[in-house]
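Working from the sequences, and respecting the hints, build out all of it.
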Amino acid sequence: MATLQTRATARLMMSPAVILLFLWMIVPLVMTLYFSFLRYNLLMPGTEEFIGFLNYQYFLTDPAFFTALGNTLMLVGGTLLITVIGGVLLALVLDQPFWGQGIVRLLVIAPFFVMPTVSALVWKNMLMHPVNGLFAWIARSFGFQPIDWFAQLPLFSIILIVAWQWLPFATLILLTALQSLDGEQIEAAEMDGAGALSRFFYLVLPHMSRAITVVILIQTIFLLSVFAEILVTTNGGPGLQTTNITYLIYAQALLQFDVGGASAGGIVAVILANIVAFFLIRLIGKNLER
Amino acid sequence: MARSVTTQRKLTFTILGWAIGLLIFFPILWTFLTSFKTEGTAVATPPQFLFFDWTLENYHEVQSRSDYMKHVTNSVVISVGSTLIGLALAIPAAWAMAFSPTKRTKDVLMWMLSTKMMPPVGVLVPLYLIFRDWGLLDTRLGLVAVLTMINLPIIVWMLYTYFKEIPGEILEAARMDGASLMKEIVYVLTPMAVPGIASTMLLNIILAWNEAFWTLNLTAANAAPLTAFIASYSSPEGLFWAKLSAASTMAIAPILIMGWFSQKQLVRGLTFGAVK
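If you're matching them up, the sequences are chains H and A in order. First residue of the first sequence? That's 1 in the UniProt record's numbering, and the numbers climb one at a time after it. First residue of the second sequence? That's 1 in the UniProt record's numbering, and the numbers climb one at a time after it.
Keep in mind the hints are simulated off the structure, nothing from the lab. Careful: at least some of the hints might be erroneous.
[To be verified] Here are the computed distance ranges between Cβ atoms for each label pair:
# : chain 1 : residue 1 : chain 2 : residue 2 : range
1 : A       : E169      : H       : L197      : 44 to 52 Å
2 : H       : W137      : A       : A253      : 24 to 32 Å
3 : H       : A64       : A       : V77       : 32 to 40 Å
4 : H       : D62       : A       : T139      : 30 to 38 Å
Backbone N, C-alpha and C define an ideal beta-carbon position, used for all residues, glycine too.
Have a look at this one:
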């Protein structure tokens, strides 16, 4: 039974974490909001003035914004498509009994632990290089013209790298969900004459639907903020072809020193992320009640 | 009754499983192999897989770069430091939420989670300016502070889900036997909570080690961890694949091994208990 004293102790124990997190969240956010209404460029000190929604107007009507928004959606959507479909298939395979299952499982999850700058540079140079890369060698051995990945398909190249990093995450979570499936149910369906495909679509997939939703939502949160992979491979180029919202705002803030404009962009990014977060929080909150 | 598995079926899946596993692991394996080649062999066509003159020259060369050890130290200090401070803040908080829950506990947890949803670019500008004005740019202290706050919600959540699994009756029994709060924590709770705390620590060191938004944006030369050191190979001079591979292998090997040990906790930690 919680007494008044333990309740006070509990509050005291929570307060450092809660207060610090609150400050961490609210102080920068309020500052971003405030800056977003100012004309404020670090290269022109002393010219700060309140300009209302002008930064937002510039940011949201800039053609670069629509390009970056499109790239962001392609990057998030493309990666999700590969990782979710690939993750379901991989989970189905890894769920089957076979020799060396544990080792294969370790091999499959390994890319998740590779730091983003390493994966991006290894893929860009050693695999995707148009002359000396491994993919070019494979293409030539089969008599094809090698693809110059980052010149011809820059955004797709980045999607491939990011998908490689996130495939293990999707696989691991979907596999965990799959392993909690009731084996007897499957057996019963099998005895009733359900084929492999109908067993998959009527039993396995519905059972995994919640895990799939979790994968999609959590990955979306992280994929909206893909940054290092772009910075070390393309710098957002060629042109704006691989600039996502995160990179666009970074460039505006730390390359052009436009504090006001970057802040307006930051607020837009927060709003976009919040739309996803809203659904994720509801889903996890529901889970907490059970 | 367990399903009988035919040998043929098992063999098919063994081949399929290993093929997929090796395919996904290949870029890491390739990096590892390339790290033992000379720069010339690294770019050779056709590619050399196993039968080349293995050399440790690249490891030697990367390590003899005057700043290499500094970057390793930075990575260790930043990832371990932020994790330990995070644990110090989170253990009491998670303990209180798990054992003296109020009707607002759930809201606090959900709110903590929501701070994790904030995109880093949303606060890049003010944080950069605060760091500049307080002299925290390119310091380990600044990065430890930022990474602590970034991972704090995950630490609290993971610990909460572990502490939740400790039966409350045991605490009550200890209390009945006259154990004080201090004794209760030291003799009853700690032994039961240690495995959960250890896994939380492991996963957070991994996450902090690989963090590559703040480490790239808030450091230059002094406090740059390995993520930023590797990024410096994006504008190289001359042949560099073998050296990049050696540096990469050293940067990912310790964390990969830790990751393999914490694979079970990964699911719990990254889905905030939504999938166990």
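Cross-check of the supplied hints:
Distance hint for A:E169 and H:L197: a CB-CB separation of about 48 Å, consistent with the stated range 44 to 52 Å. Range check, H:W137 to A:A253: Cβ separation about 26 Å, and the 24 to 32 Å hint holds. Separated by about 38 Å at the C-beta atoms, H:A64 and A:V77 satisfy the suggested range of 32 to 40 Å. The supplied range of 30 to 38 Å is met by H:D62 and A:T139, whose beta-carbon atoms lie about 34 Å from each other.
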